[in-house]
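Protein chains in written order, with the working numbering: chain R, 8 to 237; chain A, 1421 to 1793.
What the hints contain is simulated information worked out from the structure, not anything from laboratory work. Some clues are possibly wrong.
Said to hold, decoys possible - Which bits of chain A does chain R cover? Going by a derived footprint, with three or more residues having C-beta under 8 Å, they are:
no.	region
1	1513–1526
2	1558–1570
3	1750–1757
Backbone N, C-alpha and C define an ideal beta-carbon position, used for all residues, glycine too.
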Amino acid sequence: MLFLTPPELDALRLSLEIALRSVAFSLPLAVLVAYLLVRSRFPGTLVLDALVHLPLVLPPVAVGYLLLVCLDSQSALGRWLLAHFGVELPFTTAGATLATAVMTFPLMVRAIRLALESVDRGLEAAARTLGAGPVDRFVSITLPLMLPGILAGLLTAFSAGLGQFGAVITFASNVPGVTRTLPLALYTAIQEPGGESVALRLALLSIALGILGLVLAELLARRLYRLLGR
Amino acid sequence: MLRVSVMKQREAFKLSAHLEAPTPGVVALFGRSGCGKTTLVNIISGLLRPDEGRVELDGELLTDTRQRVAVPVERRRIGYVFQDARLFPHLGVLANLRYGERRASRQTHTIGLEEVLALLGLEPLLKRRTHQLSGGERQRVALGRALLSQPRLLLLDEPLAALDAARREEVLPYLETLRDRLSIPMVFVSHQLEEILRLATHVALMEAGEIVASGTLGAISLRPEFRAIVGPEGVGAVLDGRVTHVDAERGMADIELGGGTLHVSVIGVRPGAAMRIQLLARDIILATEPPRGLSVRNALQGIITELSDDIGQAVLVKVDIGAGAAVLARVTRSARDALGLRIGMSVWVLVKAVSARGHTFPAGRAPRRDPGG
């Protein structure tokens, strides 16, 4: 990290922190949503499915704008959050995290959903005959069998989370040290005269992080599947 | 006692089964593939709900659609060994075995890990992962896992169907051991006569979603529905008898059954042991006089009680050999006419010592004799 300047290090640290927090928060929700989409038969599944996948097809700026409309300090929800929890989202790290979480949520749900679909229901039935109730079954059988998919989803979402731009800059703005992540720093460098070398370094750094994440995801998945004997 | 009376409609298939089976004992559900055996077993386990009907085990109501009783699968204490074993791939052999044991309540503990390991020969497999096991080993682990969940009934859905003959022999003897050493009642689904012969104390014949006959194997083996399932080559009476004398040197044993004694070639039996013999109809010769100068070792006297048409031009003759036992013999029509075979006639049943297929049943747990055979 010798060749990175303090503001660049800040951006790297922020990117990692925001991506990490966003996946940590969305994981339980993603498991729940995936479970509803695969296992429940309520009529709203189609709508839920569309809603979850919306960030994949909307322009990221639109997602950021919608978040701003719903959650800024003038909105009812925003005021309520501020009054009861002291949470202010726009222009904060928390806001950047939320925007990142919303953007990467579909990726995570997709991976977890695939994992859940591939779980053999027969094994759950066997667990039932051995005395395991619904929650017990989910924790002791379903979840471990989904683990490779969950980890793959986590890593993909994390890697994608490092590079969120449109939604983050629209909702949380571009505040150095607070919301200026790697892609935002890169964008800022491009805007400034003579910032090409900074931009290049940041771009290379993004590539390295991205590759690292994807390779790790693949290795982990392979290892886990081998453990499961597949 | 296991009492089942259920109805289940599926698109093109209707299950409508009534079954009463003594416990303990091994009840075999015997029928062709697709006749509804698995559906019935799933209903007993609770994995499937019947449209109508009730399931009762040793006086406890498990399912009753009218009274809206449906005890959840996980609280039934009914072990289930699936055709495909269904071992948990993320757990090792030991953890698989322990899965049900850890979830069983302490009061119900009747069999421990040590005993199961010994009964099923599982000790050498403990450190393996499940995908490193052969088909037969997998089924043995699945059996052990089910036993350790302390079940009061064990369901076995064709546990040997996915195995080749050699692998089957890796599991069958263990099933026999379980039947003889433990008092856990079992419902065993199969379409293999061999398995039924070796394991069942009670048989329920299934055809097109219905139980068409049920009783001891001896009684069932004489029924036309049984002939239809086993096919012409498998037709033959099954008799339960007792070893009275063993000639180890010649590999022969005398088995008392019906009103007579049969000399058969078997090895490894002891006097007093219960023995099950299948006499295939095609292997039996009928004579109207006491035979002389033949190599045939057995001549049992009996009375013809039934004559029925068999495949092709053959006739199936049922001969009562005393004490409620009967055998089936296949003869040609011309033989029937030449000998003048008719109901009520006294005949000699000739059986070659080598053609009787025997299976031992340990003393004390022998299948009951059929009064009405």
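Status of the hints after comparison with the structure:
1. 1513–1526: holds (count 4)
2. 1558–1570: holds (count 3)
3. 1750–1757: violated (count 0)
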